[in-house]
Amino acid sequence: MNAAAQRPDLRSFALLSLTAAAVLVLHAGHLPLWLPPPLLLLLAWRWQGYRRGLRFPAALRYLLVLALPLAVVASYGTLFGRLPGAALAVGLLVLKLTETERLRDARIAVAVAAFVLMSALLFGQSLLMTVLVCATLWPALATLAALQPGSGGTAALLRESALRLALALPVALLAFVLVPRLSTPLWGAPGAGEARTGISARMSPGAIAQLLIDDSPAFRVGFDGAIPPRAQRYFRAVVLWHFDGRSWTPGHAALPLEPLAARRPPLRYTISLEATRQTLLPALDIPLRAAAGTRFTAARTLLAAHPVDQRLRYTLESATGYALDPRLSPAERALALQLPAGADPRTRALAARWRRQTGGAGAAIIAAALRLFHDGGFRYTLVPPPLGHQQVDDFLFDTRAGFCEHYASAFVFLMRAAGLPARVVAGYQGGYANRLAGYVLVRQSDAHAWAEVWLRGRGWVRVDPTAAVRPERISLGATAAAQGAGAPWYLSGWWLGLRDRIDIVNRLWDQAVVGFDALRQRGLLTRFGVDPARWQSLALALALLLGALMAVAMALTLHEPRARVDALARAYAVLERRLARHGYRRSGSEPPAQFLQRVATTLPPQPARRLYELSTGYARLRYACTPSAPALAVRDWIRRAREFRL
Amino acid sequence: MSANAPRPASDPLPRLRQALAQVNAVVLGKPHAVRLAFACLLAGGHLLLEDIPGVGKTTLAHALAQTWGLAFQRVQFTHDLTPGDIIGVGIYEREQGGFRFHPGPLFTELLLADEINRGTPKVQSALLEAMAEEQVSIEGETRALPAVFTVIATQNPLDAAGTFALPDSQLDRFLMRLSLGYPDTQAERALLAGEARRTLLRELPPLLDAQDLLDLRGRARRLTVSSSVLDYLQALLTASRAHAEIRIGLSPRAGLALLAAARAWALLAGRGYVMPEDVQAVFAAVAAHRLQPLRQATRDSLAAALLAEVGVQA
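Respectively, the protein sequence lines represent chains A and B. Just so we're aligned, residue 1 is where the first sequence starts under the working numbering, counting upward by one. Just so we're aligned, residue 1 is where the second sequence starts under the working numbering, counting upward by one.
Don't read these hints as lab results, they were simulated from the structure. Among the hints, a few may not be true.
Unchecked claim - If you want the ones that stay clear, here's a sample from chain A, every Cβ over 10 Å from chain B, calculated:
| # | residue |
| --- | --- |
| 1 | 154 |
| 2 | 384 |
| 3 | 578 |
Claimed, not checked - Using C-beta positions, here's what the derived DEER-type ranges look like:
| # | chain 1 | residue 1 | chain 2 | residue 2 | range |
| --- | --- | --- | --- | --- | --- |
| 4 | B | 313 | A | 606 | 26 to 36 Å |
| 5 | B | 133 | A | 643 | 56 to 66 Å |
| 6 | A | 167 | B | 11 | 57 to 67 Å |
| 7 | A | 639 | B | 144 | 55 to 65 Å |
As the list claims (entries may be wrong) - These stretches of chain A come out as covered by chain B in the derived footprint (C-beta under 8 Å, 3 or more residues):
| # | stretch |
| --- | --- |
| 8 | 413-427 |
| 9 | 569-576 |
| 10 | 625-631 |
Cβ atoms here follow ideal geometry from the backbone N, Cα and C, with glycine treated the same way.
Next comes chain A alone, as it looks inside the complex (with noise of 0.2 Å):
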């Protein structure tokens, strides 16, 4: 029977059903819901059969492979893409191992499990998902290991595998730093159904619901100077000037940027945005210029030239002083005064009364909303009643139970009707201020919205209606605020340390490692004197560099039968050598000591002696001495060999 034919072992196939479930595993976070609980299930009877001897039933297999593409069809639509693509990839593996009854069948297997699991880093390269699935590769390579002939015990077996996978690092880290980059993703733009939660350029009621309870970083700002304090950490992302009754958008109409004066310096900052697929980038309120390759809005937030599906970095200076846009055009005045017709009569009567009491002065009217915000038994809550079909007219009167979205909803609601011209605008608030590394991570939950509502004289001025309900919206954060009192144990320190310290090496992986696109790789190699345009020169530098590892590898493979033969042998046999060539031949069967002598008794005084004393001083060390002879004896013994002339 041909070697290749045999039937695994159960301890191989018992190491790949362990690749093929942490492939699995590793791919369960983006694969459909139905997809893994089956393939694990299918895995799990395949390993009880294949324990007992037993084939998996042809028909069936055939049966699976054939249901496996349609039903990838039927949740996705297509077969192609990456999403697809991962589902039928892992599918077909699990299913690989229920046709696995030979050696040959085992190593494909590994093969196609080593590919599927490569194919996780298309959904995420973060620190973790790449020890994980460098880590999956131990088993993989175990598998392989004890599909050879004459493999050792298992504890043998991963050992080697670990060493093997150690030893696969500096390769990896080579090609790293030496394979071209792509300046765009190999795997092209995604697909919709997949884009991701952040702030959008509309404010749907339950928009920034959703990203609040949403805890993946969205943004981080290293400071130059001192991290600001949390309550002028506004970040704004999209003005929204346009209220429908239901939805805020930013409007259409064409406007000239708003000049700014700060008022106090400027401070100097640097956001890495993740990947939002849109072309909405926060900024402090309020950036001075546009960074480069962004643009300005009217209303002074900023905009990509195109999505963002890579981490973005991008530096500006803002004032958190300011006057904004002093002298309001009739068209802005317009815009910022527009309510939908008809909406809300409550509301509008309430807003005409201030208005009448106060004479139409914009603070009075600003404090008197914040007043009944504050004592007019309104409530924060991520989880509000549903609202009728006259919004804000429902949630002033009736609910008053809501979030962000509805406070600066309902305020800037309140302000157009009381005559004075606001806006809404989004963004995040806060974040999380890490203080180890000196940088603000702001989460998706933070996402926020608030209010500027246009006063004579000073321009646009930031009010935030939710810290009036709920002071610490602003000072701990949404999902705190929602808690109520006392701070929940996730808000306690040592958790909060930990985090930090775990987001400092997410960072420096996403720094060093995801953020190392073309432009930091030519960066790197021109400083080497690689020139990366030319791919000759990197193949070049790739080929000596694998070529350097390579001879080490060998050299210190060659070493090791080398090291079993001792030094005193080895010197031994040059002493034979050279008294070889003076026609002193020992036969095999002379034991190495007696030659010495005999040779010895034909010499002159001067060197018999020393001979002499070189046969003696080598039985000594050779059979004096257990287990082994004094290091530095031997030492000894080699260099009077070595001095030995005839």
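Following the hints, put chain B in place on chain A, whose structure we already have.
For chain B alone, coordinates are given in the frame of chain A:
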């Protein structure tokens, strides 16, 4: 008798060298054989001297016993020798009102079994059993032999008429088999010119005693044997088992015997450790009689061939 001799307190090693010289002065021109006989004693084994009559086998045995200060008995094996003749018999004694055991010549420290192949298999096996067990069971009673009990057996390999050749299993009981051979001219002249061996033997002073022998045996057992020597020894054993001319190779017991003899040889050289040279020196004496040749080859030539074929690693 050794028990009555005053026991010198000094280190036995220098006296061992003196003893060697003393035996060599009696058994002329056979230093290697004498040394091997000493090694055999030190390794705690029995010795088979195989040679034609008159080359000094008995003289060697006498000289050894005398020099080592061991109680000595000699038994001439004939076809009518009975086991009782060497082991002893129980004789009824009227005064005691019972049987009293009269120990035979076996109960001694050094026993010379002359022409062992002339004894019947029954006597041979009785002796060989005693050699293996170091004790004798007579009429249900176990009697221990002296601690240093050693047999030197002789046989004439050429005179086959009326003999019972020792089977291989019994040859194996002897640690070494030696041949003395004719002395060379010089030694023979000295022999002819010198005093009668018998007179010389009578005058030999004991230089060692049974306790010294036990001490030295213990010392030999403690000598260092490095792994490279064991490698070599094992290579010899393996080669003997794979050799084309050998029917049955060396047994593990032969390996142990080889090691013990090599240790004794190293001790005789005054070394604290064993070298491949020691193994080679004793190899023919220890191994040759245990090798079973397939065709014409003699046991001695096989041993030599093995030694030449197996390399010693540096």
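Against the structure, the hints come out as follows:
Distance to chain B confirms residue 154/A as a non-interface residue, since its nearest Cβ pair spans about 30 Å, more than 10 Å. At roughly 84 Å, the least C-beta separation between residue 384/A and chain B is larger than 10 Å, which holds for a residue marked as non-interface. Under the 10 Å C-beta cut-off, the non-interface status given to residue 578/A relative to chain B holds; the minimum distance is some 13 Å. At roughly 30 Å, the beta carbons of residue 313/B and residue 606/A sit within the given window of 26 to 36 Å.
A beta carbon spacing of about 57 Å between residue 133/B and residue 643/A agrees with the range 56 to 66 Å that was offered as a hint. Checked against the given bound of 57 to 67 Å, the beta carbons of residue 167/A and residue 11/B, roughly 59 Å apart, stay inside it. At roughly 56 Å, the beta carbons of residue 639/A and residue 144/B sit within the given window of 55 to 65 Å. Residue count for the stretch 413-427 of chain A with a Cβ under 8 Å from a Cβ of chain B: 0. That is fewer than the three needed, and the coverage hint is violated.
With 4 residues carrying a beta carbon less than 8 Å from a beta carbon of chain B, the stretch 569-576 of chain A meets the three-residue requirement, and the given coverage holds. Here's how the stretch 625-631 of chain A fares: 3 of its residues keep a CB closer than 8 Å to some CB of chain B, so the rule of at least three is met and the hint holds.
In the structure shown, a violation is registered for the earlier hint numbered 8 alone.
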